[in-house]
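Participant: Let's have the full structure, built from the sequences with the hints guiding it.
2 protein chains.
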Amino acid sequence: MNKNYIVPNEWSIIENDFDAENVEASESLFSIGNGALGQRANFEEDYSGKTFQGSYIGGIYYPDKTRVGWWKNGYPEYFAKVLNAPNWIGIHIKINEVIFDLNTCKISDFKRELNMKEGWLSRSFNAELPNGNKIEVFAKRFISIEFNEVGAIEYKIKAINFSGEITFSPYVDAGIMNEDTNYDEFFWEILEVVEGENSGCILSKTLKTEFHVSTAMQIALTLNNEEIFPVQQTIVEDKKLTYSYAVDVKEGDVTTIFKFGSYTTSLNYKIEELNSASLSNVQNAKELGFEKLLDFQIKSWQKIWKTADIVIEGDIEAQQGIRFNIFQLNQTYMGTDARLNIGPKGFTGEKYGGSTYWDTEAYCIPFYMATKDASVAKNLLLYRYNQLNKAIENAEKLGFKNGAALYPMVTMNGEECHNEWEITFEEIHRNGAMVYGIYNYVNFTQDFDYVVTNGLEVMIAIARFWHQRANWSDAKKQFVILGVTGPNEYENNINNNFYTNYLAKWCIEYTVDCLNKVQHNFTEDFDRILDKTNLTIEETYNWLKVADNMYFPFNKEKQVFLQQDGFLDKEIIPVEKLDKSQRPINQKWSWDRILRSCYIKQADVLQGMYLFEDRFSKEEVERHFDFYEPLTVHESSLSPCVHSILAASIDRMPKAYEQYLRTARLDLDDYNHEVHEGCHITSMAGTWMSVVQGFGGMRVWENGLLSFNPQIPKEWKSYSFTINFRGSIIKVYKSQNECKFINESDKEIKMFVDKKEVLIPANQLIIL
Amino acid sequence: MNKNYIVPNEWSIIENDFDAENVEASESLFSIGNGALGQRANFEEDYSGKTFQGSYIGGIYYPDKTRVGWWKNGYPEYFAKVLNAPNWIGIHIKINEVIFDLNTCKISDFKRELNMKEGWLSRSFNAELPNGNKIEVFAKRFISIEFNEVGAIEYKIKAINFSGEITFSPYVDAGIMNEDTNYDEFFWEILEVVEGENSGCILSKTLKTEFHVSTAMQIALTLNNEEIFPVQQTIVEDKKLTYSYAVDVKEGDVTTIFKFGSYTTSLNYKIEELNSASLSNVQNAKELGFEKLLDFQIKSWQKIWKTADIVIEGDIEAQQGIRFNIFQLNQTYMGTDARLNIGPKGFTGEKYGGSTYWDTEAYCIPFYMATKDASVAKNLLLYRYNQLNKAIENAEKLGFKNGAALYPMVTMNGEECHNEWEITFEEIHRNGAMVYGIYNYVNFTQDFDYVVTNGLEVMIAIARFWHQRANWSDAKKQFVILGVTGPNEYENNINNNFYTNYLAKWCIEYTVDCLNKVQHNFTEDFDRILDKTNLTIEETYNWLKVADNMYFPFNKEKQVFLQQDGFLDKEIIPVEKLDKSQRPINQKWSWDRILRSCYIKQADVLQGMYLFEDRFSKEEVERHFDFYEPLTVHESSLSPCVHSILAASIDRMPKAYEQYLRTARLDLDDYNHEVHEGCHITSMAGTWMSVVQGFGGMRVWENGLLSFNPQIPKEWKSYSFTINFRGSIIKVYKSQNECKFINESDKEIKMFVDKKEVLIPANQLIIL
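Chains as they are written, first to last, in the working numbering: chain A, 1 to 768; chain R, 1001 to 1768.
Think of the hints as simulated: they come from the structure by calculation, not from any bench. There may be inaccurate statements among the hints.
Below 25 Å or equal to it, Euclidean Cα-Cα: the simulated DSS-like pairs (lysine-lysine) are [claimed, not checked]:
| id | chain 1 | residue 1 | chain 2 | residue 2 |
| --- | --- | --- | --- | --- |
| 1 | R | 1065 | A | 558 |
| 2 | R | 1072 | A | 351 |
| 3 | R | 1240 | R | 1306 |
| 4 | A | 401 | R | 1577 |
| 5 | R | 1240 | A | 577 |
| 6 | R | 1476 | A | 558 |
| 7 | R | 1558 | A | 477 |
| 8 | R | 1397 | A | 577 |
| 9 | A | 106 | A | 72 |
| 10 | A | 580 | R | 1397 |
| 11 | R | 1588 | A | 401 |
| 12 | R | 1545 | R | 1476 |
| 13 | A | 476 | R | 1558 |
| 14 | R | 1065 | A | 351 |
| 15 | R | 1390 | A | 588 |
| 16 | A | 117 | A | 50 |
| 17 | R | 1117 | R | 1747 |
| 18 | A | 477 | R | 1556 |
| 19 | A | 580 | R | 1401 |
| 20 | A | 72 | R | 1588 |
| 21 | A | 397 | R | 1717 |
| 22 | A | 588 | R | 1401 |
No experiment lies behind these values; they were computed from the predicted model shown.
Facilitator: Here you go:
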């Protein structure tokens, strides 16, 4: 059964009952972050029930020793893991000497809220402790976007039925572990514990990677809103710094503790400056005060929503779902730092490790590109550009040469860290996504300069990879690509995956196109690039031989491209005829059975038709959709959005809406019973795509033209979305009988709606 | 570089120098065993250099928790491991208070010998200790075949240049671990340490499996051949029992310690009887005395060699190599206990775990069947019969039903314990080997009764598996078998592996043939079997539909069966054109590169042609040999023997001999630089096959006829081999210009030599 305890609300995620069974799920769902750091919604006070503690800092990772059953040559020695970072949110609380712990109290009027409009998390409730003392608690917390190393907590306790002593013991704890260690090892070494008056910090470093992090806290207290200065007792332990304050209260008194926390890291500071920087961060935060910090936060989120919001009328759950996705994507990545990327769990959990998958290029770039400044998508491209040498090394380990690159399946720093041969070595289509990301960016932004300055080097290395990876088949008299895993990971080590072969051919052709353009328009750059990459024109001819003679498996009778060689040897039984007890097949069937079945985990041939829609006729898309959709089990969160978009493009709105529903509230309703491990961050971009590219029909074509074809599910009253197109803010509104385009910029915008050209003057609205 | 420090000798394995670098390799090569238990040739005295300690008891295993990187449904939770057993060989020795340790002494005149004719291991050498004391040492040890729970040590020390005290501290140590634990866990619990006068024992049990083992020792000492009774000091530790004896010696004195050891296990005794049984074993051994025990040992080996020896004249290394293989195979398995089997490392190491692979049916049964009584091969078949229910459960876990069985890839007790999906779930051809083992046994022994009483149940379960595993291909209009790994494990998840499809079809047909035979000749049994297996004749018609319409990949142009679908899409470059720096490819190439290459790890299509030689013309075999041999890298010890046999069968003796050489001294010359981990026991049967089936051309056909076609490598003067054919001892002698057959039995024997019928009267010799 799905969990659905989240209260529907347009702008907030709300939980109205305290249920220990939901604590870990809520810790994921109510996570907060600012793109640079983030944390699960763990309680500040002690909690003795089941909990999954997690605080994370972007770019700080640990290379855990790989664990395998059977080693294969080429496996990476290490698996880079998202690292649980020192905890600065914790506050031990005692009421008249009794530890305050929700697991031992009677709780009433519980409410937890994640306010997505303003970017804060709060809890309020009444609690009766084992000693009979009753308190009313209100706690609010956020991670500042404006000051992106800082977070703040306001924690209020009202004494309802007693007088006595409340002890607050805020702490910084660096003695934390990862839940997913391979060998139960500790990943941090503690270097220094610095105590002081109401503030202090711990300097620690990660083992192996030697990232240094200073974690600071600053405390302030009020009693009935008057600042108080109780005696501070300091407890210094090996890995933990605690300050303890006892406050005498009378019945009705409200005591508040403010706690400001900060991380500073060696990514941004010299090691010797880390402690002073973190201490000064929390000092400044305290001086500014909680409320002023919160004002900044609200303004930051206003700015984000202005170019990213989607409004849905007539379906409050859909409204909440889509905003949750946009909110989490922004919490995970802000695009200001080209060293960071979008991990599959963001800052909401540890699982999978690594931070960067092909999800970034295939799903996330479209979202960030259309809702933020072009520099954000460019930073995502630069991330890969900066890792090009590692991708070349990675390919060399697998026997490639001459500067061929294979980007890793999963990475933190450019090195591969996944270790299943069928994925690590064979799911090579990811390399195509790298080039597609550039192509997509150039189409959307028209910033061809990026190709000249950076992109071409990546594209050349990838073209070289495809050229070397394909081989001539004497039997087929064409080039083939053997032994791959396509996007549909329910097939391994297959030959001539249509999607992979198509991308390979396209990558070579697009690279050569770009090379020609650069040769004619940027002569100096052309020479520089050829020189840097040791490329000759002759080499590109050899690439083109492969591209021009690429084999694609095709069935004449059905007139469909086959997912791979031999696909029609399978027993073809549509998913709907499969007994429900057998689903999901990845939990019910052994791997060999899944592999030899016809069932498709996620869009594969259809993924190709989605990416290159302009190269297939509507009839072709329909034919392939009708062949593959019935065989697709969508057991990946990245699958339904592509089917939804394609369904909309062939005017099948009921199907498009059905597929959209499968991702829209994946985490909020916990379809897969795993939200306690963290949220599916990257697939959230897919949901956004379903609305904007699917229902809205937004496309930016290779010639740079923008087009829309808005349709609306019959279940909705209206929806609207906003995009940032080359600096112009465009809002698209679609109701059951109206379609509006609003140009909020100072420039005239040309677009195509349902294939007809439309011009919208600056700051104007057009109704179609 | 290969190691080749072993001194060539017809009957012994000899090492003439002490080199610390060779200690672990020699510990493997000089291993001793009696089919029920065995041990690496570890030193009795302390040794502080690199050593790999190992004592093993057949049938005593530990299910270590599986370690994987990424879990797949259907993986077994445990991996059954050969278990390092309590050590009873150890004797701490001090000379005038200085520990005697070869690693700290000057050593001269070192000689180690494994006498294969008589079945004992000895060491002799002079040593100068750090204190200047010089001693002469002679140590001899064996594991008794006659009393198969017992072993004996004679350990002599002569004081060369000193008088003083020699302290012997023999012990039993149950505080041992496996080198290959997955989680560094201890596998044994110690229950009781029993001390006594000159004898004692430790009762321990394995965790999880609860095998109970009592390990006993009994000590006797002599000074200059007179029994002495020095004071015994007893040291009882948690997991170890030590007796200490100080002997005063004068220069020239010879002190000898005799140590008798014994294991008794809960496989054969009630738990409460284990200690008294082990103590009584060592007591009896001591009373019999070392020399008498040794006489028994010599007789036991005489009996073994009588029906198993191969004599090679003109090549002493070949002679030593083949006897080493026959010797080790006999040390590993004697065939008296149907609960035991032949592990890939026998009692010489731990690696791979499990004890039973398809090696048993494909390689070992032919050897044991032809060199021992028929009951031995029958016991190997019964081992599988007794595990049929587990094989049915194993298939159920993978989605099969109705009594279909899939025998495990690796097992101890019938449960699968391997965990690579491409092997565990997909290398299903092993199921065919189970039926082939029965077929082979019936042809050789004419014991069809076994089919009636046991074999058919196994065959029915396997026919059901193949019937369910194949599926109808609409594209090919035939039945296909998708997603398998063939014997060539350098291909994974391929479709329509010729060998697998061929075995599947054959298994069904042979099962139906046998069913028909039983129906006509054993009516009651027929009803019993149908009843027990819930089989109907209709079901067998469905099986036959699959067998009759099985698809085999075939290339018309080249007129060869293809190893699998799409094999000719590969880049085909013969192994000889591959740069030597790239070999062995399994150490140089990443797995994906190996998979998409044309290179073949071990015989695959050719394995099928070897098993079913009578169904292919000589021209067909030649054509396939010429196609596949050049692509075969033989990176499995099980490969060259099959190629050698096929080469001989198509009259290519130089090739046959070249392939024979690749296995003949695999361990003695340590081709693969891994003999320190243990010997390749099962592949030793392959070498035997190369001589007997390859050079000797021995075949027993489906109609029961015995035939030979002896050829001889030009490098040899002559060779002869002995087989036990249905109780008759036949010796085949072949020199460069003569061929003799000697019938050592009381019955006339009919055979075919080079297709001509030959009759040899009882106890006669025939020269051809």
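Participant: A separate judgement is required for each hint: does it hold in the structure or not?
Facilitator: Hint check results:
1. For the proposed pair residue 1065 of chain R and residue 558 of chain A, the alpha carbon gap of about 49 Å is over 25 Å, so the pair is violated.
2. For the hint linking residue 1072 of chain R to residue 351 of chain A, the alpha-carbon distance of about 17 Å falls within 25 Å, and the restraint holds.
3. Simply put, residue 1240 of chain R and residue 1306 of chain R have alpha-carbon atoms about 42 Å apart, too far for the 25 Å limit, and the pair is violated.
4. The suggested pairing of residue 401 of chain A with residue 1577 of chain R holds, with an alpha-carbon distance near 20 Å, which does not exceed 25 Å.
5. In summary, the hint linking residue 1240 of chain R to residue 577 of chain A is not supported, as the alpha carbons are separated by about 64 Å, beyond the 25 Å threshold.
6. For the hint linking residue 1476 of chain R to residue 558 of chain A, the alpha-carbon distance of about 15 Å falls within 25 Å, and the restraint holds.
7. Among the hinted pairs, residue 1558 of chain R with residue 477 of chain A is consistent with the structure: their alpha-carbon atoms are about 16 Å apart, no more than 25 Å.
8. A C-alpha spacing of about 22 Å is found between residue 1397 of chain R and residue 577 of chain A, which places the hinted pair at or below 25 Å, so the restraint holds.
9. Between residue 106 of chain A and residue 72 of chain A the alpha-carbon distance is near 54 Å, which puts this suggested pair outside the 25 Å criterion.
10. The hinted pair formed by residue 580 of chain A and residue 1397 of chain R meets the criterion: a straight-line CA distance of about 18 Å does not exceed 25 Å.
11. Restraint check for residue 1588 of chain R and residue 401 of chain A: the C-alpha separation of about 15 Å stays at or below 25 Å, so the hint holds.
12. As the CA atoms of residue 1545 of chain R and residue 1476 of chain R are separated by approximately 15 Å, the hinted pair is consistent with the 25 Å bound.
13. Among the hinted pairs, residue 476 of chain A with residue 1558 of chain R is consistent with the structure: their alpha-carbon atoms are about 15 Å apart, no more than 25 Å.
14. Note on residue 1065 of chain R and residue 351 of chain A: the hinted pairing holds, with a Cα-Cα distance of about 22 Å set against a maximum of 25 Å.
15. Proximity of residue 1390 of chain R to residue 588 of chain A is assessed by CA-CA distance (about 20 Å); at most 25 Å being required, the pair is judged to hold.
16. Between residue 117 of chain A and residue 50 of chain A, the direct Cα distance comes to roughly 30 Å. Violation of the 25 Å bound is thereby established for this hinted pair.
17. For the proposed pair residue 1117 of chain R and residue 1747 of chain R, the alpha carbon gap of about 29 Å is over 25 Å, so the pair is violated.
18. In summary, the hint linking residue 477 of chain A to residue 1556 of chain R is supported, as the alpha carbons are separated by about 16 Å, within the 25 Å threshold.
19. This hinted pair checks out: residue 580 of chain A and residue 1401 of chain R have alpha carbons roughly 19 Å apart, not beyond 25 Å.
20. Distance restraint check for residue 72 of chain A and residue 1588 of chain R: the Cα-Cα separation of roughly 11 Å lies within the 25 Å cut-off, and the hinted pair is therefore satisfied.
21. Distance check on the hinted pair: residue 397 of chain A and residue 1717 of chain R sit about 49 Å apart at the alpha-carbon level, beyond 25 Å; violated.
22. Restraint check: the Cα-Cα separation between residue 588 of chain A and residue 1401 of chain R comes to about 15 Å, which is no more than 25 Å; the hinted pair holds.
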